[in-house]
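Respectively, the protein sequence lines represent chains Y and X.
Quick note on numbering that gives the first Met the number 0: the first sequence kicks off at 0 and runs consecutively.
Quick note on numbering that gives the first Met the number 0: the second sequence kicks off at 0 and runs consecutively.
It is worth saying that the hints were derived from the structure and are not from the lab.
It is possible that part of the hints are untrue.
Short derived list, chain Y residues pointing at chain X, Cβ under 10 angstroms [unchecked claim]: (1) Phe13; (2) Thr27; (3) Ile29; (4) Arg30; (5) Pro33; (6) Ala45; (7) Ile53; (8) His54; (9) Ile55; (10) Thr80; (11) Pro90.
Don't be surprised by glycine CBs; every beta carbon is placed ideally from N, CA and C.
The lines below spell out each chain.
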Amino acid sequence: MISPVKIWRNQKHFTKLIGKTGRIVSWTMIRVPPDGFSEQAPYPLAVVRLDGGIHITAQVVDWENDQCVTNQKVVTVIRRTIDTTADGVIPYGVKVKPV
Amino acid sequence: MNITVAGIGMTKFGELWDASPRWLAGQAVTAAIRDSGVEKKSIQGLFVANMLSGMLGMQGHLGALFAEELGLSGVPAYTVEGACASGGLAVHAGVMSILSGQYDTVCVLGVEKMTDHKPELVSSALMGAGSNEERLAGATFPGLYAILARSHMEKYGTTEKQLASVAVKNHFHASLNALAQFTHPITVEQVLRSSCVADPLKLLDCSPVTDGAAAVILTKHQSKKSGVHIVASAVATDTLGLAGRKSLTELVATKQAALKAFTQAGVEQKDIQFAEVHDCFTIAEILAIEDMGFGRKGEVGTNMEKGIYTLGTAEHIVINSSGGLKGCGHPIGATGVKQIVEVTSQLRGVCGKRQVKQARVGLTHNVGGSGATAVVHILKT
Numbered sequence: 000m001i002s003p004v005k006i007w008r009n010q011k012h013f014t015k016l017i018g019k020t021g022r023i024v025s026w027t028m029i030r031v032p033p034d035g036f037s038e039q040a041p042y043p044l045a046v047v048r049l050d051g052g053i054h055i056t057a058q059v060v061d062w063e064n065d066q067c068v069t070n071q072k073v074v075t076v077i078r079r080t081i082d083t084t085a086d087g088v089i090p091y092g093v094k095v096k097p098v
Numbered sequence: 000m001n002i003t004v005a006g007i008g009m010t011k012f013g014e015l016w017d018a019s020p021r022w023l024a025g026q027a028v029t030a031a032i033r034d035s036g037v038e039k040k041s042i043q044g045l046f047v048a049n050m051l052s053g054m055l056g057m058q059g060h061l062g063a064l065f066a067e068e069l070g071l072s073g074v075p076a077y078t079v080e081g082a083c084a085s086g087g088l089a090v091h092a093g094v095m096s097i098l099s100g101q102y103d104t105v106c107v108l109g110v111e112k113m114t115d116h117k118p119e120l121v122s123s124a125l126m127g128a129g130s131n132e133e134r135l136a137g138a139t140f141p142g143l144y145a146i147l148a149r150s151h152m153e154k155y156g157t158t159e160k161q162l163a164s165v166a167v168k169n170h171f172h173a174s175l176n177a178l179a180q181f182t183h184p185i186t187v188e189q190v191l192r193s194s195c196v197a198d199p200l201k202l203l204d205c206s207p208v209t210d211g212a213a214a215v216i217l218t219k220h221q222s223k224k225s226g227v228h229i230v231a232s233a234v235a236t237d238t239l240g241l242a243g244r245k246s247l248t249e250l251v252a253t254k255q256a257a258l259k260a261f262t263q264a265g266v267e268q269k270d271i272q273f274a275e276v277h278d279c280f281t282i283a284e285i286l287a288i289e290d291m292g293f294g295r296k297g298e299v300g301t302n303m304e305k306g307i308y309t310l311g312t313a314e315h316i317v318i319n320s321s322g323g324l325k326g327c328g329h330p331i332g333a334t335g336v337k338q339i340v341e342v343t344s345q346l347r348g349v350c351g352k353r354q355v356k357q358a359r360v361g362l363t364h365n366v367g368g369s370g371a372t373a374v375v376h377i378l379k380t
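Okay, chain Y solo, but in the shape it has when bound (with noise of 0.2 angstroms):
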């Protein structure tokens, strides 16, 4: 469940992601989505290693087809995430993007 304190307190640890580079690992294209994703499927979903040698799980934004591609370069953004709730808050989060 989207709680607007939890989305309050963790702005403050994913916005130390953005604008990182990397290259992805492992990828797949999300068909049959969780609820709260229905309207962005279908969509890729990666495994990227960040230089410095993080791990994240993202979606890829803003790609063309042969961007899904093991050690594709991408870059960490910030995006809206989930669909808005009855709170009226618009969750956002780290996805990437190819470059």
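Starting from the known structure of chain Y, fit chain X onto it as the hints suggest.
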């Protein structure tokens, strides 16, 4: 370690619209108690394995709920949750409670009711087994295993056809199991042509949404009826999310739990004739066989296609004689307990058409999430 599996029971697995969790639990436990010959009043502890009741049904406190329902009120009762490994973990907790010396005889119940809720909600609730980062990224469990599958395919040349042959084998085995969810065989072509869920995994690479319950009675006493014993019970954990893993082509928790179990039991891979492994997705069965050392890394896919893990091949280990999660069904909390039920049945030699020849030592392997928990049990006659 020498814990007797005195009694076993399970319900039909499937889409059981008219069955409540209470009814399912009642069927499985009543059958297990009757099978054991143990009197209900000698059961000193109840371990209930379940994952989704709190999230989907808003019902927690399952220990007390099922103790009341089963006529065991007054008995210490616990809920054990470890995602899809809840069942295996509950069996482990039951075994530990007997080894502690506090209880002589306990009941372990695994129960899950999944079809009461719409698929997107079930999918979201199952992601409770993953990390917060994965949930915010819109990951699903088919998606996480698809990421593992792609890594395996790119590193070892594993093919979609090899993955499909896991589902074909497990549907064939399930067709010999009257309690299985799917009793129809399928072909590799049908798997490859089924709709894509998360590339490269297709619908028929995935275990289904299932209702069902399974129960076992464990005791420190020898049983007149059942000569089946748990000789190893081991658990290992790993990072909750995939991003924390060093490798995406193995599940380290499986390796560690298996190693501990082999040491505890004093057996090697070659001593084991059959295993129930965690095939929530076809790639998961290939990882399980490799990570427990029943096949070399990167070679299991080819061997799967040749059919060496299918019933009737005497020289190789038989994998998932019940039909596994793919064919028999995967009611989350019940799965790990059902694996013990299947292995016990095989060791008793009562499996009819799906009986493994000369079954003397069997293994169960139950995984939670994308490999954050692994539970391995070894059973002997």
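Point to revise | Hints the structure fails to honour | key: none
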